[in-house]
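**Q** Sequence:
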Amino acid sequence: MKRLLAGLLLLAASLAALAAEAPLPAPPARWATDEAGFLSAGGLARLDARLEGFERATGSQVLVWIGETTGPTPVEDWAVRTFAAWKVGRKGLDDGLVVFVLAKDRKIRIEVGYGLEEKVPDAVASRVIREVIAPRIQAGDPDGALDAGVGALLGTIRPDLAGEGAAPSSGGPERPARRLTPLQLVFAGLLVVGFLVLLVTNPGLAFYLLVSILSGGRGEGGAAAADTRAAAGVPAAAARREDGEVPMLRRQLRQRIDEEAVKAAIVEAERGTTGEIRVSVSTFFWGDVRKTAERSFERLGMTATARRNGVLFFLVPSRRKFAVLGDAGIHDKVGQGFWDAITAAVEGRFRKGDFTGGLVLGIAEAGRVLALHFPREDANPNELSDDVDFGE
Numbered sequence: 003m004k005r006l007l008a009g010l011l012l013l014a015a016s017l018a019a020l021a022a023e024a025p026l027p028a029p030p031a032r033w034a035t036d037e038a039g040f041l042s043a044g045g046l047a048r049l050d051a052r053l054e055g056f057e058r059a060t061g062s063q064v065l066v067w068i069g070e071t072t073g074p075t076p077v078e079d080w081a082v083r084t085f086a087a088w089k090v091g092r093k094g095l096d097d098g099l100v101v102f103v104l105a106k107d108r109k110i111r112i113e114v115g116y117g118l119e120e121k122v123p124d125a126v127a128s129r130v131i132r133e134v135i136a137p138r139i140q141a142g143d144p145d146g147a148l149d150a151g152v153g154a155l156l157g158t159i160r161p162d163l164a165g166e167g168a169a170p171s172s173g174g175p176e177r178p179a180r181r182l183t184p185l186q187l188v189f190a191g192l193l194v195v196g197f198l199v200l201l202v203t204n205p206g207l208a209f210y211l212l213v214s215i216l217s218g219g220r221g222e223g224g225a226a227a228a229d230t231r232a233a234a235g236v237p238a239a240a241a242r243r244e245d246g247e248v249p250m251l252r253r254q255l256r257q258r259i260d261e262e263a264v265k266a267a268i269v270e271a272e273r274g275t276t277g278e279i280r281v282s283v284s285t286f287f288w289g290d291v292r293k294t295a296e297r298s299f300e301r302l303g304m305t306a307t308a309r310r311n312g313v314l315f316f317l318v319p320s321r322r323k324f325a326v327l328g329d330a331g332i333h334d335k336v337g338q339g340f341w342d343a344i345t346a347a348v349e350g351r352f353r354k355g356d357f358t359g360g361l362v363l364g365i366a367e368a369g370r371v372l373a374l375h376f377p378r379e380d381a382n383p384n385e386l387s388d389d390v391d392f393g394e
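In terms of the working numbering, the sequence shown opens at residue 3 and continues consecutively.
In case anyone wonders, no lab produced these hints; they're calculated from the structure.
Treat each hint with caution, since some may be false.
Calculated pairs, DSS-like style, for lysine-lysine (alpha carbon to alpha carbon, straight line, at most 25 Å) [unchecked claim]:
{"hint": "1", "residue 1": "Lys354", "residue 2": "Lys121"}
{"hint": "2", "residue 1": "Lys93", "residue 2": "Lys293"}
{"hint": "3", "residue 1": "Lys335", "residue 2": "Lys293"}
Work out the full structure: start from the sequences and follow the hints.
**A** Structure representation (structure tokens):
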């Protein structure tokens, strides 16, 4: 009876959590939508007309959507799922962009389709939020904030048609260098020594603090798009972009990934093959995701299998980046086409925040191809652990 009651309570709590999650808004009928009364009527009309004209002239679709709140749902997850559901931009070109403003939450988020990522990378989108939109909102000029922010984005995409300057650069007029006082030098030295000590005693915390400082925190602004894609080689991966979030702690990662489901998928996939599959989930990475994934590939012994047929799924949920790496043995059999296919298979799930579902899907596909080229043998030892790796 107690177990039944506990189960019912757990079910009720789960249903309540799902009910509390902010629903995705319907695709907007106009280019600029204000469901929070954030802009003046004139400001909204001018913004809408400007975006409509830009799409007619260029084909690229840029939207502004203003609402109240995402509730308990993290804005990054909500924005990614909303952007994917709306299918912004032209099919096959993925040249859409949406500026999300959550007035009550005081959050701004820019989601960018793959077709515009080279023109509007993370650094540009983040600067538009921090340096153009947020300061004007704080000064009490929401109309001017969105007008200037959109102008900066359009100017970056098509400077010849936007009618506004491009996004602010990180440069500017040179200023004479300021000399530090002796007290400031001593304080800076103590900070460096303290960081080095922390780096030796607790490297995870040290990098967490460093990335948190460099990312500038959350504040009213937000990060740029959080979409990801990767393709693998020998081992090789082409990664997409990061979203500027501070890294997740390991306990948060374990809440986002169903370890048992992923492990069960690995066990099932390896039943028919001598190949080895591993999953490594990281709180963050430093530098290039491909190089970080390759370090994990080496650390986990993926290159030490007898037939060099290991496959690694490397995932950083907080930055929505991932890489799929294959060792030389399997790559020689399947070629680049397989990595492109497996990337496409899992990408949609990852973009929606369904990391467990994406991993399970990718593992099953990897197992199928491994079984085709490296079928199970009578003596079929498990060369590598099936557990999900959560970093060093």
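**Q** Run every hint past the structure and note whether it holds.
**A** Okay, the hints, checked on the actual structure:
For a cut-off of 25 Å, the pair hint linking Lys354 to Lys121 stands: about 23 Å separates their Cα positions. About 32 Å separates the Cα atoms of Lys93 and Lys293, which puts this hinted pair outside 25 Å; it is violated. For the suggested pair Lys335 and Lys293, the alpha carbons sit about 23 Å apart, so the restraint of at most 25 Å is met.
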